[in-house]
Amino acid sequence: MNKLVVVDQGSGAEVSARIVETEAYRSDDPASHSFNGPTPRSAVMFGPPGVLYVYLSYGIHSCANVVVGADGDGQAVLVRAVVPVDGLQTMRDRRAGRVDTDLANGPGKVCAALAIGLADNGTDLTAPTARIHIVDDGIPPPAHPLVGPRIGITKAIDTPWRFRTPSR
DNA sequence: AAAGAGATGGTCT
DNA sequence: GACCATCTCTTTT
Numbered sequence: 001m002n003k004l005v006v007v008d009q010g011s012g013a014e015v016s017a018r019i020v021e022t023e024a025y026r027s028d029d030p031a032s033h034s035f036n037g038p039t040p041r042s043a044v045m046f047g048p049p050g051v052l053y054v055y056l057s058y059g060i061h062s063c064a065n066v067v068v069g070a071d072g073d074g075q076a077v078l079v080r081a082v083v084p085v086d087g088l089q090t091m092r093d094r095r096a097g098r099v100d101t102d103l104a105n106g107p108g109k110v111c112a113a114l115a116i117g118l119a120d121n122g123t124d125l126t127a128p129t130a131r132i133h134i135v136d137d138g139i140p141p142p143a144h145p146l147v148g149p150r151i152g153i154t155k156a157i158d159t160p161w162r163f164r165t166p167s168r
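For the first sequence, my numbering begins at 1 and goes up steadily by one.
Some clues are possibly wrong.
As the list claims (entries may be wrong) - DEER-style ranges, computed between Cβ atoms: (1) Thr-154 - Gln-89: 22 to 28 Å; (2) Glu-14 - Gly-152: 28 to 34 Å; (3) Pro-141 - Ser-11: 29 to 35 Å; (4) Pro-141 - Arg-94: 25 to 31 Å; (5) Asp-93 - His-61: 16 to 22 Å.
It is worth saying that the hints were derived from the structure and are not from the lab.
The C-beta atom is built at its ideal place from N, Cα and C for all residues, glycine as well.
Put together the whole structure using the sequences plus the hints.
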């Protein structure tokens, strides 16, 4: 956590934001897309770490995950919320009518604000040529993140695998 | 301020 | 053909 997502917006423009809220999913977790083994959609979750997994939620919203764990594990971390760092005005324009605190405080909003879509599924975040990168700018993960149950799922509801950086 | 419902489409059975 | 790791708008206190 606390790392930066940097997205190349084309024409040299860049937008970046700090990850402040995540959820964990893995293959022994009934709520995970990887629970029943690899499918055409969830295949990238079983690939090597450092790859972006994007899926369409409720037919409307894109949600972004980062694959973690070893190749074949089927683990990923959902990016639930980010705080704008660079390109704040771009995000405001892209999500007109919202106050700043609502720009990217949900999985679908994160993708809307950062312009991440299904086309970005499978992006290798470690490749220099990738449009999207994860950057560690030296700020460490919070020592005591707020922990709670995950949101919007129907299985494994009592598994507290949502993490958020304290304060705001 | 809080609560309820509709939108909408890829994926899996 | 049913299910959803959601968001936004509308209606009701």
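Self-check item: Hints violated by the structure (listed by number, smallest first)
Solution: 1
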